[in-house]
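Undergrad: Letter by letter, the chains look like this.
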Amino acid sequence: MCLIRAFELEVAKLYRDGEIPGFVHTSLGQEAVAAGVCGSLREDDYLATTHRGHGHVLAKGADLDGMMAELFGKASGLCGGRGGSMHIADPGRGILGANAIVGAGMPLATGAGLASKLMGQGRVAVAFFGEGAVNQGTFHEALNLCAIWDLPVLFACENNFYAEFSDSRTLTRVPSVAERAAAYGVVGETVHGNDVEAVAAATGAAVERCRSGEGPALIEFETYRWHGHYEGDAQPYRPDEEASSWRERDPLEITAMRLAEDGATTEELEEVRADAATRVTVAVEAARTAAEPDPKEVFAHVYGD
Amino acid sequence: MCLIRAFELEVAKLYRDGEIPGFVHTSLGQEAVAAGVCGSLREDDYLATTHRGHGHVLAKGADLDGMMAELFGKASGLCGGRGGSMHIADPGRGILGANAIVGAGMPLATGAGLASKLMGQGRVAVAFFGEGAVNQGTFHEALNLCAIWDLPVLFACENNFYAEFSDSRTLTRVPSVAERAAAYGVVGETVHGNDVEAVAAATGAAVERCRSGEGPALIEFETYRWHGHYEGDAQPYRPDEEASSWRERDPLEITAMRLAEDGATTEELEEVRADAATRVTVAVEAARTAAEPDPKEVFAHVYGD
Amino acid sequence: MSTATEQQELRYIEAIGLGMAEALETDYRVVVMGIDVGAGEGIFRVTRGLHERFGPDRILDTPISEMAFVGAAVGAAMGGMRPIVEIMFMDFIGVCLDPIINQAAKLPYMTNGALEVPIVFRTQTGAGKSAGAQHSQSLEAMLAHVPGLKVVMPATPRDACDLMLAAVADPAPVVFVENRRLYARRGPMSEESLPLGRARVVVKGEDVTVVTWGQYVGRCLEAAEIGEASLEVIDLRSIVPLDMETVIASVERTGRLLIAHEAVQDFGAGAEIAARVGRELFDLLRAPVRRLGAPTVPMPFNPMLERTLMPDAAAIAANARSLVAEG
Amino acid sequence: MSTATEQQELRYIEAIGLGMAEALETDYRVVVMGIDVGAGEGIFRVTRGLHERFGPDRILDTPISEMAFVGAAVGAAMGGMRPIVEIMFMDFIGVCLDPIINQAAKLPYMTNGALEVPIVFRTQTGAGKSAGAQHSQSLEAMLAHVPGLKVVMPATPRDACDLMLAAVADPAPVVFVENRRLYARRGPMSEESLPLGRARVVVKGEDVTVVTWGQYVGRCLEAAEIGEASLEVIDLRSIVPLDMETVIASVERTGRLLIAHEAVQDFGAGAEIAARVGRELFDLLRAPVRRLGAPTVPMPFNPMLERTLMPDAAAIAANARSLVAEG
Ligand SMILES: Cc1ncc(C[n+]2csc(CCOP(=O)(O)OP(=O)(O)O)c2C)c(N)n1
Ligand SMILES: Cc1ncc(C[n+]2csc(CCOP(=O)(O)OP(=O)(O)O)c2C)c(N)n1
Ligand SMILES: [Mg+2]
Ligand SMILES: [Mg+2]
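Protein chains in written order, with our numbering: chain A, 1 to 305; chain B, 1 to 305; chain C, 1 to 327; chain D, 1 to 327.
Rather than coming from a laboratory, the hints here were simulated on the basis of the structure. Remember, predicted model here, so these are calculated numbers, not experimental data. Mixed in with the good hints, there may be bad ones.
In silico lysine to any residue, SDA-like type, Cα no more than 20 Å apart, as pairs [as the list claims (entries may be wrong)]:
1. LYS129/C x GLU231/A
2. LYS129/D x ARG185/D
3. LYS129/D x ARG279/B
4. LYS204/C x LYS129/C
5. LYS129/D x ASP233/B
6. LYS13/B x ASP294/B
7. LYS204/D x VAL272/B
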């Protein structure tokens with residue numbers, strides 16, 4: 001979590017300063033979902049995520065330096081600089097990629113789950129998506145498909161209550177995503193997404209059900225994005241009190257307090273934070289000075305070879 | 001209903017004999033849904049239907065001769081012979097057309113309902129669709145959209161339990177379409193689709209709710225198609241007992257019996273049937289001898305002008 | 001457009017907004033629909049001010065449900081409205097192609113003219129700023145291939161406004177493709193007004209006709225200024241209808257044709273123009289028609305790679321020069 | 001393919017089935033997915049026998065949810081399978097374009113080759129039997145325009161089988177376009193086997209090169225038999241990769257090129273070929289390249305109108321003749 005926080009804060013700064021090109025959507029405030037879900041997965045489990053996927057990808061074990069370099073578009077980036085923030089992937093770790101098409105990850109995860117099932121691999125596929133994506137047809141179609149085929153797919157919804165500039169509660173009569181799972185004969189549950197232990201517990205149980213052949217599960221994690229939809233968004237659309245009340249439920253603070261209760265010292269906690277900050281700084285330095293991709297290679301892999 | 005029955009029986013024969021080209025999907029056995037729903041609509045209400053739409057279009061008041069001629073592809077057809085069975089439309093009667101894309105009618109009806117609402121016309125739009133189409137993303141998206149905008153749209157599902165060669169009950173964990181409406185905050189109900197009075201009663205009430213501004217309604221009409229998915233389908237996939245048990249619940253017989261109870265004489269009932277048969281025969285004769293469209297006109301209206 | 005407006009310089013993005021506002025003002029059947037086009041004023045702020053001025057019944061925010069709301073816009077057009085519906089990025093036709101190509105494009109014809117579908121599909125493209133492969137495609141050729149759709153791609157503020165008004169007024173469905181790389185560009189509203197379907201000769205020249213559209217109009221103008229050959233730059237403005245008359249008239253004089261566009265070259269719209277000119281002016285062409293588009297590669301994120309794949313003014317000028325050398 | 005099979009005549013539809021069966025037999029990662037492809041054996045019975053032979057874990061019936069199951073096939077390919085997924089009619093790309101063009105076509109490139117998406121999108125087209133405007137489109141040009149996709153369109157049983165096997169083996173996503181008007185046609189499996197990406201010279205000739213594919217191969221062969229000009233008929237077999245080498249070699253001899261295809265002519269794949277030949281053989285062409293495709297009209301239901309819009313052998317022959325007359 002600390003690493004994600006440090007990463008995203010730094011990315012926001014770099015983006016503002018024009019060091020990172022393209023579009024960037026940070027997951028500040030949502031770190032516990034990433035950490036809790038991905039921390040409950042096996043290394044070979046699959047992950048398909050969204051435009052707001054840095055945290056998930058990091059938590060799933062992608063190399064920090066490779067990620068940062070990718071945001072810079074460098075040759076040493078996880079995708080050789082071809083993907084960028086919205087398309088970071090690391091197939092070796094089951095990470096099928098962030099995706100810039102809202103809702104596209106759910107069918108892909110369905111397919112990965114299908115592959116796992118047909119080949120008897122016992123791998124679970126997790127599809128992250130926002131509550132805004134729930135209104136997309138792919139949610140409906142993919143969840144139904146997973147249900148009838150009993151596929152080991154976890155539908156992990158990050159309900160941060162906003163889709164771009166819109167309050168998602170105005171875009172459906174049934175704002176509870178968990179409730180909508182019943183239409184597919186799937187169990188849906190709602191979990192406080194800023195509490196990493198709650199996230200991990202719910203995920204662990206759901207993933208085990210998936211792995212044991214019961215088919216898909218859906219968990220809605222209620223959380224909040226601290227920054228705008230994209231970096232640079234002025235956010236006139238969110239009430240201040242709402243934003244500040246969520247800031248008070250900082251997932252990192254919640255965890256820190258709990259660790260402190262369990263006996264962690266301030267120094268130990270500070271060390272974790274400092275360590276994360278250092279790793280990010282090192283990654284930034286490396287990314288800054290890394291080589292650009294070789295333009296002569298620009299035609300490679302168009303046809304997958 | 002008698003007219004639809006006579007029409008479809010004749011069409012099936014004509015298709016078998018090679019007189020009607022293209023693909024044909026008849027609605028034999030489902031007549032009560034068409035009659036009950038469309039009979040409860042105003043003339044200016046909208047209708048968007050499916051590949052299996054003859055009955056709906058007839059019941060909504062489209063000209064019989066024009067329909068038959070359209071199936072023959074003649075110039076006097078409702079679409080000048082350009083549409084055929086899967087594309088019959090009659091915008092003057094609010095009929096936006098049958099549609100060969102499964103699920104496509106729901107967004108179109110949504111839009112017609114939107115137009116009615118924005119222009120304060122009080123017109124309701126009905127989208128017919130099969131239970132197979134429920135798994136299509138358009139069902140999910142359109143129903144949600146109608147719900148949040150309180151659009152006067154009736155989602156009229158003909159659940160005939162089969163989508164092509166598949167038992168639809170195997171294609172979802174929640175075979176009750178009505179139940180799935182809850183995910184959108186919409187009331188869904190299930191009605192015996194072979195009982196025209198039940199159909200009309202449910203539709204009448206739902207349409208009034210739509211018209212009064214409550215937003216969309218969903219009704220699932222349980223029924224059965226007597227013939228194959230298309231004319232010519234050998235139907236190895238359906239248990240005989242199932243088919244025959246539904247034949248015993250013939251919507252026309254149910255109605256006839258009820259009318260008889262209410263005092264209609266055998267002669268009166270026979271006259272209705274005979275009249276329908278005659279009208280169909282006349283329509284066929286007219287269609288057979290009608291002129292082909294003028295090839296010189298083939299380029300007209302590509303760009304809507 | 002008022003004379004006062006005609007004397008202004010506007011940004012391309014403002015001109016689109018102006019076009020929509022005029023259409024909304026003069027025709028109650030016009031509505032604007034799309035994700036966050038209302039109070040949010042659009043992800044690029046193209047719909048700025050519209051929500052405030054026309055209210056939520058005319059400027060409709062939709063859920064992320066393109067199949068439904070694009071399809072609903074088509075249905076609303078059938079029901080007598082004149083919707084302007086936004087598909088946020090052109091790449092997103094991937095999630096809502098059916099209502100565009102199978103419904104809107106076909107129903108007027110299939111109903112023998114009984115149904116009109118007067119709808120504007122607003123969308124935008126514009127590579128060059130690391131938006132990545134799923135947000136950088138210029139897919140006009142795909143839509144131009146479908147009978148029943150018109151496709152316009154304005155390159156100037158004046159055209160953006162005019163074509164918007166023309167698109168709204170058109171009985172046919174029109175795909176209105178903006179270029180986000182042009183949003184901030186200013187241009188005179190005093191530019192001559194042309195109807196939908198007419199190309200614009202932007203610069204007169206003698207040696208080579210350069211046909212282009214969208215973002216590439218600017219690059220071709222830059223190329224013309226390099227000045228080693230005299231280029232006649234034609235901004236196509238609409239891909240369908242395709243104003244071959246203007247193109248042919250120009251190539252008849254120059255004898256040489258270069259087509260430059262942002263989209264991938266293979267199976268792009270340039271091929272159609274090359275094929276037609278190759279046929280109609282076979283005896284007149286002094287050199288083979290050239291095309292200059294993006295190579296067959298998904299657009300990479302890295303800015304330098306992206307630049308490598310987008311022919312610049314120098315490349316356009318070099319191609320024109322070598323066309324002159326060829327004959 | 002066994003020698004016994006090579007000596008047979010098969011129907012086109014059987015040959016596709018044979019190709020799938022061989023792929024299923026030799027590679028456990030191959031699965032077949034689609035609406036009613038299983039016990040129902042496909043709406044046109046292309047998957048006949050597969051369900052019985054390979055069972056429901058290899059031949060998967062899907063709900064009517066193209067976005068999900070086509071997308072799932074793409075995801076399964078990422079997960080190491082080699083799915084053959086059916087899009088029942090080519091027109092239905094309208095409801096599932098995203099997984100094809102934005103996911104399958106792009107992810108191998110965007111991940112710098114780390115992800116392979118070895119998938120076959122089986123689909124079919126074939127106008128001429130009153131299927132109506134929403135079930136009659138030949139949309140290969142749209143998909144060919146997207147970098148990352150291969151597009152094959154077999155015209156003979158031998159090619160149908162070979163290209164299916166090649167498509168399954170290919171590391172890239174391949175769109176496999178069948179033509180339902182050819183399903184019942186028989187052809188020798190002894191025909192020479194060619195790799196994916198190579199065109200076939202079906203008939204040698206001297207006067208005019210006729211490039212064609214799919215349903216139109218047969219019409220062009222008929223036209224060749226009319227015999228007033230000597231036609232060299234080339235069956236392209238794949239649109240991407242485009243075998244320009246074979247086309248160019250032929251036109252170098254004949255000096256004349258006619259391209260005939262089922263799809264709408266405007267912005268169709270023929271334009272790309274015309275543009276390339278126009279450029280590469282500028283000095284050699286004796287007459288301007290001609291194209292013969294469907295006019296810009298949604299396909300009407302009426303059989304006679306439909307015929308009017310589909311150039312027949314006589315029209316092909318007449319065009320060839322007039323090409324000869326031109327120069
Ligand atoms: C098909 C498609 N439609 C629209 C968009 C534009 N878009 C990008 S992110 C976004 C909002 C997503 O909201 P949500 O799913 O709640 O995710 P969050 O941003 O809150 O994490 C939208 C509309 C897109 N990328 N793809
Ligand atoms: C998008 C799309 N996918 C598939 C088809 C092929 N198809 C036509 S009808 C049909 C079955 C529809 O079943 P249902 O909705 O239950 O309607 P019914 O035929 O039972 O009336 C299918 C799969 C199609 N026309 N469009
Ligand atoms: Mg959200
Ligand atoms: Mg059904």
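Undergrad: Taking the hints in turn, state whether each one holds.
TA: Hints, verified against the model:
1. LYS129/C x GLU231/A: The given pair, whose Cα atoms are some 15 Å apart, holds under the 20 Å limit.
2. LYS129/D x ARG185/D: holds (15 Å)
3. LYS129/D x ARG279/B: violated (29 Å)
4. LYS204/C x LYS129/C: violated (31 Å)
5. LYS129/D x ASP233/B: Since the Cα atoms of LYS129/D and ASP233/B sit roughly 18 Å apart, the hinted pair holds (cutoff 20 Å).
6. LYS13/B x ASP294/B: Distance of about 27 Å is beyond 20 Å: violated.
7. LYS204/D x VAL272/B: violated (67 Å)
Checked against the numbered hints given earlier, the structure breaks hints 3, 4, 6 and 7 and satisfies all the rest.
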